[in-house]
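Asks: The lines below spell out each chain.
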Amino acid sequence: MNKLAVAAVMAAALAVTACGGNASGPAGPQEPKDKGPLVVLTYAQGDQLPMYQEFFDKCSADTGYKFEQLQVDSENIFNKAIQLTASGDGPAAILADNQMVAGLANAGVLSPISIGDLDPNDFVEGPFKSGQFEGRQYGLPVGNNGEVVVYNKGLLDEAGLEAPKSWADLTEAAKKLTTDGRYGFAQTFVAGETLSWNFWAQLWSAGGSIADLGSPEAVEAATFWASFLKDGYAPQAQLQWQSTDIIGEVAAGRVAMAQVGTWTLSNLLEQAKANGIEIGMTTQVSKDGSAPIVPFGGEVLSAGSSVSGDELQAVSECIVSWSTDVEGLVKRTKLLGYLPSYIPAQEAALRESPFLTVLSEQLKTSRGRTEEVGADYQSRTLAISTALQKIATGDATAQDAMTEAQASAAKGE
Amino acid sequence: MSHVIENSVRRRPHGMRASAARVLFILPVLAFLLLVFGYPIAFNIWLTFQSYDLKSMITGVSEFVGFANIVSAVTDPNFGTALLNTLFFTLASLFVQFIIGLALALFFYNNFPLSRTIRAMLVLPWLVPSIVATTAWRFIFKDPSGFLNQLLGVFGVAPVHWLTSNDTALVSIIIINIWIGIAFNLVLLHSGLQSIPTEQYEAAAIDCAGYWKRFWYITMPALRPVIAVLLVLGFVYTLKQFDLVWTLTKGGPGNSSQLLSTWSYSLSFQSNKFGQGAAVADVLFLLSGLIIIGYTYVQRKHANA
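Protein chains in written order, with full-length UniProt numbering: chain A, 1 to 413; chain B, 1 to 305.
Okay, chain B solo, but in the shape it has when bound (with noise of 0.2 Å):
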């Protein structure tokens, strides 16, 4: 013990430059973070606080209003039914993308013919230009004769209103959701399989342990890191989806597919309340950063333990 902190005496003036030099490597990050990410948050945090309207756009003029905006915004009718939205919407796209992600990672794990190819064709829905997608799913779900409608009337059901009925319209979009999701799942996760060192396998083989036992003992395990960054990754990249929404029903019929961030849109540029459209967005906000923390928590006390 004792010569180590004789070892770090003696080299802190070598230390301290050291350090000096590494905070000017940090510098030019920092002023990019700073302007590109941090100058747009400070300012939608702003402008939460103020009255900016039109008028201001123009004349950049503004007043302090304290909480008005958010107050305004959380005692609207419609933001309940957003939120309600947006946490179903994430969670059950969550769930089932990695669900199916995971199924179709252990079906790839072992190579058989085609099936570099069968996997290069399920990335293909996270490449397309989510516009393009979307437009073709409104074919698809279009009313009363899409594709899918005309397909259920081979075996004699009824259409279904799948984007114009309050029943069915949010689960449209998740279903789309989950399809472009699913690539993105099955990617990670089966770079996460190929890192699992096969001896780990083999031991377990001679130790006669079964399919589950070794999915449960081995795989799980070794894939935690690469699940806890995909559902990080995949909450956050959820949780503000717009285009999707924004393409197929704008939030309707109603409100039934109304998520916060396809609502703090049609609050700023529709209905021209900048303000409350701020304050949609800082619960989005709020909302990811509570899950990074929680990530980051978490990814400490691992390294430390």
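This is chain A alone, in the form it adopts within the complex (with noise of 0.2 Å):
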């Protein structure tokens, strides 16, 4: 009995360690890889997915190739696809967030691509060069979002207030707007790259940069992006909301600004014109009320390292169909909330999608969030957010959580 006792014990505390932080995951599911299926790793969900299935089976057409696409957490897809890589099953091509091709490409699980005689000066530049790493192009944009701040109209003109542009005005607004069982501004909270990339626009607008987290810019921009929650004027359920949440909030009249993602912006109009609210839609503000710099989000269709030759050939025919035949990509991107990177497109795609005029305008100045970083991208997500939901709960000063950032982000690069 007590021999068998502790031998339970010997390997319960075995199997902790197997999963305490092990790197040796386990490999994803087999594929066949004969001449056969060309694999799209991606992140896309519900909709999306027959919607890009439509897409690739075009592009199976025009290749010869048959796309396939293998579905995966957007959390897990940059170690899934490294992971498969290594096992030597590695995807086609990869459909993941912009700022992850940095990584991506050198971790060596990218290859570069050929464009043809497509124009570069037919894309935004930010976004173009976001299908890049040092200097080389491994894949190309669909269409990008970012994050916009609205606003309830009606509540803004009773309070004689105009739509914000300055920290100044942001903060002054909020605090006015703010009554029992209303708050002022919104912005999600949440850990991780949800918080982080709310956030860089002001790092950059104060001057800062990713790459140093702990300087007077960084710790004043951070200052003034907590301080809706430290006085008060944010909830403080918003730092386990997503834009999703929060729109809702906004369309009940709970919240009278918030900073949100465009995904949700056609769903934010209809709910608010259910409820017979008015939604004014601006820019990011920025410290002196300048036009913005924000950084892009979206999805690069980029090539894996496992295809070469005539396989290569066809992931980079079907690439850059996916980034520049015009009515496909109008309709990816009006279910994306998506501008097209594609300038050619645009227009029709405004006229598809009218409240994105505010994201087209701030796109004009947006900047991509590998820019100063690189490969390093990832720590510095982590860093930042886990600074600013301290500074906003109170838990460190912001000159102490933002050095601390700076430290724990630089560790190991």
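What the hints contain is simulated information worked out from the structure, not anything from laboratory work. As the structure is a computational prediction, the values presented were derived from the model and not from experiment. There could be a bad hint or two in this list.
[What the hints assert, rightly or not] Okay, derived cross-link-like pairs now, SDA-like style, lysine to any residue, Cα gap no bigger than 20 Å in a straight line:
#1 K411(A) - D53(B)
#2 K142(B) - G181(A)
#3 K411(A) - K55(B)
#4 K230(A) - D53(B)
#5 K230(A) - S165(B)
#6 K55(B) - R136(A)
[Unchecked claim] Computed far set for chain A versus chain B, every beta-carbon distance over 10 Å:
#7 N267
#8 G280
#9 T357
#10 E404
Backbone N, C-alpha and C fix where the C-beta goes; we use that ideal spot for every residue, glycine too.
Build the complex: two chains, separate frames, hints provided.
Replies: Given below as structure tokens:
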């Protein structure tokens, strides 16, 4: 009995460390790898999957290769791509967030593509470059999203306020519009990329850089961004709210202004209309009220390193048509709340979704998230979101939290 | 004494064959343990001393970096927070689970109508997959209008930011962990109670021993081996707790509910710093190892006494 118990204890202990944090994760599902299907690794969900498949079927018809989607969770796509490639079963193409391209290319998971006689000037510059790493083109963008500021027009008019442009505007408006049962301003404060990427515009507008989170400019920007939660103008629950949760609050009149993702806008307009609330939209704010430099979101379709020769050629062709076929692009970007990166398709897309006008304005002065730190971006994301949460909940001063964030992120780089 | 020695001398050849057979029987288990437990641990320790990054996953190439990963991990400002949180989480969960589990086991010792049914219901939390349980708790703790806050509202209490405040996030998670762990304690202690011979209680009753006397001098000593196993298993099980925290707060807000396990995962799979993640996992391994060695030592002393 005793020996059995000890054995059980030992086994349990061993099992603990086995899953405590080892990096030797299991390889992914096995796909046949003859002349056969070219696998596109994607984190698309729901309606997107069949719509993408329709597009890839066209690619199949054009190139003679069968394209198949392999769907994974968005949090895991980075590691999955690497695991599959490491086990000799790498995807032929990867459809992933543009900030991942640098890391994936650096790890050797991507192949440079040939874009034929495509003119780079037909693309918005930043997004086009987001398909590059160290001067080589690995993929092309489909379209871009971003976060914009939405507001309850009636409430702002009533208080005699204009749409906020500067830090001072936003702070003043948030203060004035916060009442019993209503918050002035909401932003998502969920740990990870959700929080970090909605903060970068403020960091840049203060003159800071993602490469140095401990700089006085970064501390100033973080103090500003965390102040709404800290001062009670923003709901504490936003520590767990995504943009989709926030729009419900705006549409119900419980939040006066918010920074939300453009993918939620059509939904917000619909809900607000049903409640008789008029919604205004404007770009993200900046320190002095000038046009903000914002990070652009959106996916890049890139080629995997496991394909070469004719297969790579087929993937390249498919990537080019993915980013340039105007008709399909308008359809895809509408569903995603994106504005096409391909300029000839933008006009048609704006006609379909006029509420993206603010986004198109913002994109003109946008910047890629990996321009400053390249493949080290991922560790910055985690460090900054932890620091912002600490400042907002009063767990640490802005100076301490940001110094720590820089120290943590820089370790082992 | 002498005939014992004679006996063993006479039987030596046969004894050797027997021990060879014993080794043969152990081999499959040994191979299994090495493959399933030995390899991952060895890999983890190897990883601790390597400059293993995303590139290495593809190329397989990494360099020996000595203690650099360990130094980086231990000097990280988050290490202290995660370690203290882990110890508080483990000890608080263990203590409260045990007390409530013991009280319930004693309560169910005497069979009464429906006692089996109620006991079965109390074991339910243990059987529900933790991802399901935590999703339910997410609704209960939801900010600001979760079930618990609505319930408190009935009594005029202001809503509490259960999972979104750094004062309450870890405590909320401990509450859930206790809720899950009570069943384990109840089941083991209840079966331990059943194995105590009733004659001992009858004899004590004849000697006019009261309830507390019987509890301290009969029940507790008889339960000691069960309690030891319970606490050691509970410690190891609680120390590695991961999914609960990950689904509810991901260690936040800030780092207020960060445990060594979640931090190790973040380092490895979010920041791609595999060596540092492995170093943190080593700390967990070390902590469980110490407890188990201590337990084995105490057991052996008892057996020899």
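Asks: Of the hints stated earlier, which fail here?
Replies: 4 and 10
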